[in-house]
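> Residue strings, one per chain:
Number of protein chains: 2
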Amino acid sequence: MREVAVIGVGITRFGELWNDSFRALGIEAGLKAIEDANLTGREIDGMYIGNMSAGRFINQQQIDALVADYSGLASNHIPSTRVEAGEASGGVAFRAGVMAVASGMQDYVVAAGAEKMTDLDDSLISSVLDSTSDADWEASMGITFASLYAMIARRIIHDKIATREEIASVSVNSHIHGVLNPYAQYRKAITLDSVLHSSKVADPLGIFDCAPISDGAAAVVICPLECARKHTDSFVKVSAVTQASDTLALFQRSTITSFEATRIAAQKAYEISKIKPSDISVAEIHDNYTPAGIMAMEDLGFFKKGTAGKAILNGEVAVGGGKLAVNTSGGLKARGHPTGATGIAQIIEITDQLRYRADKRQVKDAKYGLAQNVGGTGSAVTVSILEAV
Amino acid sequence: MREVAVIGVGITRFGELWNDSFRALGIEAGLKAIEDANLTGREIDGMYIGNMSAGRFINQQQIDALVADYSGLASNHIPSTRVEAGEASGGVAFRAGVMAVASGMQDYVVAAGAEKMTDLDDSLISSVLDSTSDADWEASMGITFASLYAMIARRIIHDKIATREEIASVSVNSHIHGVLNPYAQYRKAITLDSVLHSSKVADPLGIFDCAPISDGAAAVVICPLECARKHTDSFVKVSAVTQASDTLALFQRSTITSFEATRIAAQKAYEISKIKPSDISVAEIHDNYTPAGIMAMEDLGFFKKGTAGKAILNGEVAVGGGKLAVNTSGGLKARGHPTGATGIAQIIEITDQLRYRADKRQVKDAKYGLAQNVGGTGSAVTVSILEAV
Numbered sequence: 003m004r005e006v007a008v009i010g011v012g013i014t015r016f017g018e019l020w021n022d023s024f025r026a027l028g029i030e031a032g033l034k035a036i037e038d039a040n041l042t043g044r045e046i047d048g049m050y051i052g053n054m055s056a057g058r059f060i061n062q063q064q065i066d067a068l069v070a071d072y073s074g075l076a077s078n079h080i081p082s083t084r085v086e087a088g089e090a091s092g093g094v095a096f097r098a099g100v101m102a103v104a105s106g107m108q109d110y111v112v113a114a115g116a117e118k119m120t121d122l123d124d125s126l127i128s129s130v131l132d133s134t135s136d137a138d139w140e141a142s143m144g145i146t147f148a149s150l151y152a153m154i155a156r157r158i159i160h161d162k163i164a165t166r167e168e169i170a171s172v173s174v175n176s177h178i179h180g181v182l183n184p185y186a187q188y189r190k191a192i193t194l195d196s197v198l199h200s201s202k203v204a205d206p207l208g209i210f211d212c213a214p215i216s217d218g219a220a221a222v223v224i225c226p227l228e229c230a231r232k233h234t235d236s237f238v239k240v241s242a243v244t245q246a247s248d249t250l251a252l253f254q255r256s257t258i259t260s261f262e263a264t265r266i267a268a269q270k271a272y273e274i275s276k277i278k279p280s281d282i283s284v285a286e287i288h289d290n291y292t293p294a295g296i297m298a299m300e301d302l303g304f305f306k307k308g309t310a311g312k313a314i315l316n317g318e319v320a321v322g323g324g325k326l327a328v329n330t331s332g333g334l335k336a337r338g339h340p341t342g343a344t345g346i347a348q349i350i351e352i353t354d355q356l357r358y359r360a361d362k363r364q365v366k367d368a369k370y371g372l373a374q375n376v377g378g379t380g381s382a383v384t385v386s387i388l389e390a391v
Numbered sequence: 003m004r005e006v007a008v009i010g011v012g013i014t015r016f017g018e019l020w021n022d023s024f025r026a027l028g029i030e031a032g033l034k035a036i037e038d039a040n041l042t043g044r045e046i047d048g049m050y051i052g053n054m055s056a057g058r059f060i061n062q063q064q065i066d067a068l069v070a071d072y073s074g075l076a077s078n079h080i081p082s083t084r085v086e087a088g089e090a091s092g093g094v095a096f097r098a099g100v101m102a103v104a105s106g107m108q109d110y111v112v113a114a115g116a117e118k119m120t121d122l123d124d125s126l127i128s129s130v131l132d133s134t135s136d137a138d139w140e141a142s143m144g145i146t147f148a149s150l151y152a153m154i155a156r157r158i159i160h161d162k163i164a165t166r167e168e169i170a171s172v173s174v175n176s177h178i179h180g181v182l183n184p185y186a187q188y189r190k191a192i193t194l195d196s197v198l199h200s201s202k203v204a205d206p207l208g209i210f211d212c213a214p215i216s217d218g219a220a221a222v223v224i225c226p227l228e229c230a231r232k233h234t235d236s237f238v239k240v241s242a243v244t245q246a247s248d249t250l251a252l253f254q255r256s257t258i259t260s261f262e263a264t265r266i267a268a269q270k271a272y273e274i275s276k277i278k279p280s281d282i283s284v285a286e287i288h289d290n291y292t293p294a295g296i297m298a299m300e301d302l303g304f305f306k307k308g309t310a311g312k313a314i315l316n317g318e319v320a321v322g323g324g325k326l327a328v329n330t331s332g333g334l335k336a337r338g339h340p341t342g343a344t345g346i347a348q349i350i351e352i353t354d355q356l357r358y359r360a361d362k363r364q365v366k367d368a369k370y371g372l373a374q375n376v377g378g379t380g381s382a383v384t385v386s387i388l389e390a391v
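Protein sequence lines correspond, in order, to chains F and D.
The first sequence begins at 3 in my numbering and counts up one residue at a time.
The second sequence begins at 3 in my numbering and counts up one residue at a time.
Where chains are identical, the list cannot tell them apart; a pair therefore holds if satisfied intra-copy or between any two copies.
With a straight-line cut-off of 20 angstroms between C-alpha atoms, the simulated DMTMM-like cross-links for lysine to aspartate or glutamate are: (1) Lys366 x Glu389; (2) Lys270 x Asp47; (3) Lys306 x Glu318; (4) Lys202 x Asp124; (5) Lys369 x Glu389; (6) Lys270 x Glu45.
These are computed hints drawn from the structure, not numbers from a lab.
Values in this document were obtained by computation on a predicted structure and should not be read as measured data.
All chains should be built: construct the whole structure from the sequences, respecting the hints.
Next comes the structure, spelled out in structure tokens:
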């Protein structure tokens, strides 16, 4: 199998982008990535698009053809495939692209993610998000996506894995970095107090514990590592991309304070890459709700069970705060969370860090980075490890 | 790259299955396929699910996790990925599975497709189907999916590529075979006259020119060719699977009486497999609307432009009618068309034919078979060539 590199990245601003259409966002991200890779587009021979619910958000299926078409690649008739695994759609698209190049079947691949969520009425948006839980055994009983994570938060507190304050500090950490990211939806620092006293969404979680509803697109260009230097001096190596699944419904698990899919995907990624958790100096984790951030940092092996919360609250995972910086992009909470785009945006942040292009949020001497993308309540998880070259 | 084999197939009855849930159908097809391959399920290390619109049809995203979970594979935490390319979702799932095995990254893969369409209100079903056309430039202008194919039919007649009667005969041919397929939605022969005088959907197309709305699921098990004989004496070789894209909107093409994506995917498949159109003795083509059947038979190289219609009308593509039998399963029109499942159902029919398990619809001495699956109005097309071993 061939080694694979990321040679170009492109991202739009994330936010409530009422003046931009889905296709305009897709084009912007795609063309930026192709340009950054110093390609013309004619070299691209495959496309994988992560998208969660364009069928419901903008009444458009076949995002695969749409994005290939509007990126000017329809004339090449390249195979373009949409992949979906709820909020992990971007991570799964990246994995599909890496697999295609690693196998030797395709050479220059665009892995992208896009979502336009804000065109829909608010009440309907919530129903779309809930559809990544189990429609028959969770959503139909009135459980919302936020309330599933609220139950996780309660259990984390009950089991003394983290305090309410420590859980809330996941959001504070993400916002610290959002201030520094020009593409972030929220470029404003928030206090622990404002998270704790924000309007309740599902007790104990308030609105500041929850990632926002966002529009945005992100794309990366992947090619064989041996070809990367032909196009650019600045690229990163993909050391591993893994994916694992779990039961769709949360109640079917033996524990709800850990996602087994994260642990299994991470374990495989560390094995494949021969990189240890302690080697990682920058990580993008899936903090769609604050308790997910606590779980991720422990499931990925960065902290022992019951110790992540304290480290976050102490500012140890902020840039410059310790050995590992987490969610330097602002995370899902502050950068924004256009569901299908998130997994690719994470890869872009890690790539930027390893290329030393992260500006004011640059992690010093970053050599290895990790991204974790979660679908549903941990029913699909991807873990990617990237390496500076 | 490794050679790949199909070693097991499983399919549900297609139809308006109001008593069966999406997950019940998925389990039935998946378990049948795993059993047919003489596996237990524990050997499966990857899953690709073709599904067009479960988010809208049954309010459920993350079909990837759902199907892995309810097939009893969640305990393995295998990577499971949903892929979508409109009505070509099944074909794209098959291609993703074949790529994964050919690359050596996965060994035993389930490629499946499923759709539960009839739980939704009729008016909403149409809106979902229309969402595979261009939402901004076609659907929003009031164009329905059927009317796009009606325009194609009119142009085919205007350009004297086929007559109205010849177009209608595509449906008659599919129904001849549907009678013989115990899994088909419609097991009833129909006359040319009944197609021509059926209630108009979009002039000139009547209801008997259009594939029905269906529920159903289909699954195949894929593994390296070299491992196939360990499990079964009856398997088929995958000689090629290709995929091509085109503009999302029909009006952007230079012609609407031919799908360039079909021609390009077919050309590549013939090149890769070194098999000629004249070698193929059984083909499953995407006859969602009758004019698509005419185009497919010409774009795939089976007939010269302007000659397919006459051959169909003369009964030459019925089993026993000539050198090539088309849509022996009943096609989309008579077997039924649960969108995401269709591409896999096609692969199953070809596999059954090449394993000599097609019973009363068996094509004598079938050695090579081809399946063509189309998304939208030809914006995504997959072509698969299978070979008896």
